[in-house]
Every structure is written in C-alpha cells, then in structure tokens.
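Student: Two chains, two frames, a set of hints: combine them into the complex.
Sequence order for the protein chains is A and B.
Take 1 as the starting number for the first sequence in the working numbering and just add one per residue.
Take 452 as the starting number for the second sequence in the working numbering and just add one per residue.
A couple of the hints might just be wrong.
[Stated by the list, open to error] List time: in silico EDC-like cross-link candidates among lysine to aspartate or glutamate, alpha-carbon distance up to 16 Å:
hint : chain 1 : residue 1 : chain 2 : residue 2
1    : B       : Lys474    : A       : Glu358
2    : B       : Lys512    : A       : Asp55
3    : A       : Lys428    : A       : Glu318
No wet-lab data here; the hints were simulated from the structure.
Keep in mind that this is a model prediction, so the values were computed, not measured.
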Amino acid sequence: MEIIVNSSYIVATVLFIFGLKLLGHPGTARKGNLLSSLGMLVAVVVTLLANGIVDYTWIAIGFVVGGIIGALAARMVAMTAMPEMVALFNGFGGLASLLLGWAAVEAGLSAFVLITIFLSILIGGVTFTGSILAYGKLSEKVTGRPVQFVGQRFANAALLVAILVSGVLFVMEPTNVVWLYTVVGLAALLGILAVLPIGGADMPVVISLLNSYSGIAAAAAGFAIENNILIVAGSLVGASGIILTQIMCKAMNRSLSNVLFSGFGKVSKSAEKIEGEVKPLTADDAYYVLEAATSVLVVPGYGMAVAQAQHAVKELQELLEDNGAEVNYGIHPVAGRMPGHMNVLLAEADVSYDLLLEMDQVNPRMETYDVAIVIGANDVVNPAAREMEGSPIYGMPVINVDQARTVFVLKRSMASGFAGVDNPLFFKENTRMIFGDAKETLNTLIRAFGD
Amino acid sequence: MEIVYQVFVLILAIFVGFELIRKVPATLHTPLMSGANAISGITLVGAIVAAGITEEPTLSKYLGAAAVAFATINVVGGYMVTDRMLAMFKKKEGGRK
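The shape of chain B in the complex, shown without the other chains (with noise of 0.2 Å):
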C-alpha cells in the first residue's frame, strides 16, 4: 500500500511540474533551470539522514556525508547563482511603452 501511495505522489507531482512550466518566456529559461536544478539537490534531506542516523562508523555513513557535501554544492550554488543573475533582470524606469 506504501508503494501505491508514493507512486500517486509521483504521478501528481510530475503533472504539477508539466503545468508549472509550459508558458515560461524564453528569457527566464536559464534562471529557470538553474533554479528548477537547486530543488533537485533535494537529495540533501536524505543526505542528511543517511550521514546521521548513526554513529557508527559505516560506509553508509560516509557515502551519506559525501552526499551532503555534494548535495549542498548544488543547493547553496544553484540558489545563489539563480539569485544573482534575477537580480539582474530589471526594467528601465520609464521604460514601458
């Protein structure tokens, strides 16, 4: 029953994502990557449980703990990246016609 309720998930978010994005102006489609790339270090939550549920020393563990590294590279970056080139994206005063 578990795997049926995440597929249904699955199935509701990948619809959700499809919407989200079919009328974006080619203008934001870099930011919009970028930014659609920071979620998908999404990974950091599971990083985080798996590099923590233990003290013991495992390979598990390790492997969690590079993954957070990793996984916050592409958390921090992308955010940051994203920000810095909307914040960018401005209107001229007076510039609408």
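Next comes chain A alone, as it looks inside the complex (with noise of 0.2 Å):
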C-alpha cells in the first residue's frame, strides 16, 4: 500500500514542477495551473483511499466548509482586490501547517519530530497572523503606513529569546500543554511585530516572502509526520517564493533586510527643494495634445485599480489606436500592490500583453513618446529617484516618463504616494497635471474622441 501511496506522490511531485515551469511563461500559464492542480488531486486522492484513513466524517466537513469558503471568495473577489486575497489564502495556508503541526504532538516523540512540530507551529503561526495583518494593510482596514515605536528592535529580541526559550522547553516537555500554548501565542505575536513596521507600499515583497515561508512550514509539517510530499511541495513553494521576493527586491533596488528592517518613512528633510510649478491642465485640452500624438505610453500604478480604470484605458487605447497612433504601457515591476497586479488588470479589460512593456523595455526609447500618460500612478516614475540624492527612494530603478516630449499625470490630488515622497515629476517643464478621477478624465477624453 505504501508503495501505492509514495509513486502517486512521485507523479504529484512531477505534475507540480512541470506546473510551475509552464506558469512562467504567458502562453502556457493557464495549464500550468491545471497541471499544478492536477497534481493535487493525484495527492488528495490517494491518500483518502490507501493511508489507512478509517473516519472520512471530519474529512468531508473539513472539504466542504474549506471548499465553498475558497470557491466563492475566489469567485468573487474583485480583481483590482487580488492582492489581499492571496494574502488571507495564503494565511489560511499557515494556520492550516501551524494546526497540523499541533495535531501531529503525542508522547514519545523524537527530538528531531518535535523540532520539526515546533518549527511548523512557529513558521505556521507567522505566516498566519503575518498574512492577516497584510491582507488588514492592503484592503485599507489597518493603516498602511509603517508602524514604529520606540525599543521595537529590542521588543523583537526579546521576543524571538522568548520563542527560543518555550521551543526548548516544548521539546524537553512535549506533553505540557503550557509550553505549546505559549508557541503558538509567541509565534502569532511575531507574525505580527514583523509585518507591523512595514509600509502598505513595500507589502507585495512581504505577500511574496509569506508565501514562501508558507511553504517551509508545510515542509517542516512534512518532517513532524513524515510525508515526503508536504517536504518536496513545501521546499517547492519555499524556494520559488524566496527567488522571488530576490527580483522584486532588486527591482526597487533594495535589500529584503532594507524592506523588513528601516520602515520607509524615514524622509530626509535635507532633501533639494524641488524646483518649478503646478501647471493643470484640463480634459478637453488634454484631447488636442493626445489627438496630434503618433506614440503613446501609457503608465498605470495603483490609483488605476482604485479608480477601476481599466476598461477606460483600454477603450482610449484602441480610440488612438483608430486615430493612428501606437499605444504601449510601461510597466514598473512594483506597480500597484502586488508584482504584476497592473498586467492582471489590464489582462481584465483585455488588452493584449504583448503591448505591456516592462521598464527595461521602455526607459531606452523614452524620447521617441509624444504624450507618456501617468495613470495613478507616483513613486515608480518619480525623478527623484535618479536626481535627489537625499530622498527615501533615490537609487530606485523607475520609468523615466519626465523623459517623453509631454507628460500627463491623471491623479486625485497632490498629495503624496504610498512612500510619502514629493514627486518632483509634477513640477517638470514638460508636465501637465490633469485632477480628478481617473476614471473620470479617461472618460471625457474618450468622449472628445467620440465627437
């Protein structure tokens, strides 16, 4: 039976792998994920019927509450919500390593067993609160700016000492539920001291790096009761989720202990004073420049998918098109809150991803936009960036849009982006700001382009 159990977990393992190798390229992705789920399957399914499993009544509850909780919440979160519901997913997912490893404690347990338990209650826990805590700063519930406080340095190693300590006694003492308790408290703590001092801007890095410790938890799980495929899927999960936060970190060229550790808040009022006036510009004029236009770049962030403006921007995008001219977006890796949340987005209003340029591909052919169009979008075409040494985010790699002959900027208000840095941009030469609603703007302008 066990040799029934291991191949199909082989062929789970094989159908996961070649599911994440298709997902990394546009044209396969969707069957990636069918592979990948496919292999899930194969893993549920033969360890309902040959594990040895007597009572399928919890079971089956477990599979329906779990399955029409996720299948509605996934039906119908809202695209532009993306972001936070694969945060509270992936919490889920935690909670879910942190209970197993809770339900795998009995006596007479090795030490190895019960380090392996203690670490997937710890990573488990983290991962969970972590998640809940990001999901709370990207749907707007809890404050997205970084939270500080004094001595939180000494707070944390006071904390992690704490966690040390009753992971050592629970491993001494598996069977006294106070030191178990006292992890799982600990570790729910930390999840939370850990996403707390991290700005709502820098929270698709920390989605990324929970996902990954998601998967080392379901790793250790897979030690604590011996399973090779909740090792093999979890370190799968583990390491992809670690390269991964790797490239969105080097795209704000920022180190992940800069991200986790310094907030960004931290302003430097040294900074140049910026240079320049406001020049607003209404919609109606905004028409006869992009009317002239023969190349447009559109740069959306953000305050595109507050403003769910998507479908206006596709639509002005094939009214140039018409007009005669060529429509390209730029898109910055860190957009919106989530890497890729702009390409989602604008798959949605079905614009065609060969359109969609990534920065690299943008920034060398600037000069050759007639009109570059900034839709919600703030620190990642910020100038600052390559021009003020003392702001918070100079050194980043942003989209040089201040380059293109004529900038619009679509935005609400003056007020600051999610890094609460000024965006010298607003004051360039060649800027014009358009206020109001996105989608609003977009709107009028598709308007004039109808008369």
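Tutor: So, in structure tokens, the structure goes:
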C-alpha cells in the first residue's frame, strides 16, 4: 500500500514541477496551473483511499466548509482586490500547517520530530498572523503607514529569545500544554510585529515572502509527520517564493533586510528644494494633444486599480490606435500592490499582453514617445529616484516618463504617493497635471474622441 | 537514515524551486505567486491523515479537521483565483508586430 501512495506522490511532484515551469510563460501559464492542480488532486485522492483512513466524517466536513469558502471567495473577489485575497489564502495555508503541527504532538516523539513540530507551528503561526495583517494593510482596514515604536528592536529581540526558550521547553516536555500554547501565542505575536513596521508600499514583497514561509511551514510539517510530498511541495514553494522576493527587491533596488527592518518613512528633510510650478490642464485640452500624438505610453499605478479605470484605459487605447497612434504600456515591476498587479488588471480589460512593456524596454526609447500618460502611479515614475540623493527612494529604478515629450499625470490631488515622498515630476517643464478621478478624466477624453 | 533521506529530498526540491522561478517575466509574478501559494496548501494531505486516521474523538482529530478546512480554502481558492487571472491573459488576434 505504501508503495502506491509514494509512487503517486512522485507523480504529483512531477506535475507540480511541470506546472510551475509552465506558469513561467504567458502562453502556457493556464495549462501549468491546471497541471499543478491535477497534481494536488492526485495527492489528495490517493491519500484518501490508501493511507489507513478509517473515519471520513470530519474530512468531509472540512472539505465542504473549506471548499465552499474558497470557491466563493475566489469567484467573488474583484481583480483589484487580488493582492489581499492571495494574502488571505496564504494565511489560511499557514494556519493549516500550524494546526497540523499541533495535531502531531503526542508522547514519545523523538527530539528531531518535536523540533520540526515546533518549526511548523512557529512558521505557520507567523505566516498566519503576518498574512492577515498584510491583508488588513492592503485592504486599508489597518493603516498602511509603517508603524514603529520606541524599543521595537528590543521588543523583537526579546520575543525571539522567548520563542527559543519556550521552544526548548516544549521539546523537553512535549506533553505539558503550557509550553505548546506559549509557542503558538508567541508565533502569532511575532507575525504581527514583523509585518507592522513595514509600509503598505512594500506589501508585495511581504506577501511574496510570507508565501515562501507558508511553503517552509508545510515542509516542516512534512518532517513532523514524515510525509515526503509535504516536504517536496513545501520546499518547492519555499524556494520559489524566496527567489520571487529577491527579484522584487532588486526591482526596487533595496535589500530584503532594508525592506523588512527600515520602514519607509524616513524622509530626509535636507532634500533639495523642488523647483518649478504645477501646470494643470483640463481633460478637454489634453484631447488636442493626444489627437496629434503618434506614440503614446501609458504608465498605470495603484490609482488605476482604485479608480477601476482599466476598462476606460483600454477604450482610450483603441481610440488612439484608430487615430493612427501607437500605444504601449510601461509596467514598473512593483507598480500596484503586488508584482504584476497592473498586468492582471489590464488583462482583465482585454489588453493584449504584448503591448505591456517592462521598464527596461520603455526607458531606452522614452524620448520617442509624444505623450506619456501616468494613471495613478507616483513613486514608480518619480525622477527623484535619479536626481535627488536625499530622497528615500533614491537609487530605485523608475520609469523615466519625464523624458517623454509631454507627460500627463492623472491624479486626484497633489498628495504624495504611498512612500510619502514628494514627486518633482509634477513640477517639470513638460508635465501637465490633470486633476480628478482617473476614470472620469479618461471618460472625458473618450467622449472628446467620439465627437 | 530516514532523516538523512528526507533532508536529501528537501535540498533537491529547494534547488528545483530556485531554478524554476529564476527567469519569469514580471507579467506573471502575481499568478505565479498565487499558483505557488495554492501548492503550499499541500498541507491538506497531512491534515486528511490527521483527521481520519482514528475514530477516537481526540484533540488531534479535531485539529486535523480544522486544518483540512483551512488547507482546502487555500487549495481551492488558490487554484481558482489563479485560473481566473490567467484566463484573462490573452493576446489579441493579429496583435503581434
């Protein structure tokens, strides 16, 4: 029997690996996801049939409850709310690892198994509360500003020591539930304290990292219950999550430790004074400029998601194309609140993905664009990253829209972006600010084209 | 020996994970993250065993049942959301230059 189970786990692993591989290319990604879900199905079905399961009642209840919640949530979530949804799912995965580690506790286990149980509870707990807090920050139920308090480092260090101590006590005396509860509680606390000081703008990195943690937690649980498929699939996710996190940090030109520990709020007051004046423009006047343009670059940001403007953007794109202009989208790797957030939204609006260019593709040819339209993006187009050494985002690669012939910035107000940094772009000679709700502005433009 | 063998598996899987993700275009980061997230719901397999291995009403059994529910949310929701996103990634006909 065991040989059947283990061989089917090999099949599942192969499906996971191929699935992840195919997920890496736009054309095959959907098939990849399907393969990976097939792998999961194989693993689950075989486990149900051939692993000495004697009582199906509670499994069925768990399936029904979890399945309905998961399916409904996945169906109903708006594309703009995708980042927080992923965070939430991820948190539940972490919680499952915590519970599984807990369930594995019994008398007479070896120290090694107890340590892996401790790890799966610890990492699972951190993943759970960390993800829930990330969800809160992204959906703006909790403040997105980095929360820092005096003695934070000391508190964190003390917490780590406390966790280690209670971990050791738990391993020495696994039947004493006090230590177990302490570990669970402290792990939950650690997850909150770890995410609290990180600003909302950095949440994409955090989610990616927490995703990696949930994999590691699953792998640790796999050691605890001696199950290879958990070890393999968990570590696959753990490793890929870490790489993805690194890619994202690189895109922001920051190290991971900088993201995790420094907050983002330390705006240096010594920054050079921004010169120039803001030149507002009405949408109707903008139309005349756009009508004459032959190449247009659209740079979307989180504001596009908030205004739900992706469909209007697509409509404008078609009108511009009918008018003989070439339209491209410049996508910054960390635009929005999740990597590739903008791509998902534009895909929802049916924008062909070969029009979406990455930062490195648009920057060299920026001078050739007649108009760059910035829709709800701020920090990712901030020239301060190149020009102002005092700026907290100095050194971060940005889309250099200021080098296009004309820049339109669609924005609700002069408020600064998520990072809380002033943006000299708004004061540039070739920049025109079009104030108002992005969607309304776009609709005005669309109507103007219609007339 | 069993432990060494498991660590062996762990290390290999980590390398595969690193190699798989290294060169993925930013376009796909979100679906990739949510797809990988669904895989981490593999905890479900362990949870099933914990919830069904005995008929005794032990604490472990109920913890396992709760784990089944949460892992199922992760798995079902994760795969469905990923599929929903990927279904939208289309290339317009004749859109290629």
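Student: None of the hints should be skipped; say for each whether it holds.
Tutor: The hints, checked one at a time:
Between B:Lys474 and A:Glu358, the direct Cα distance comes to roughly 14 Å. Compliance with the 16 Å bound is thereby established for this hinted pair. Note on B:Lys512 and A:Asp55: the hinted pairing holds, with a Cα-Cα distance of about 10 Å set against a maximum of 16 Å. Distance hint between A:Lys428 and A:Glu318 is unfulfilled; the C-alpha atoms sit about 29 Å from each other, more than 16 Å.
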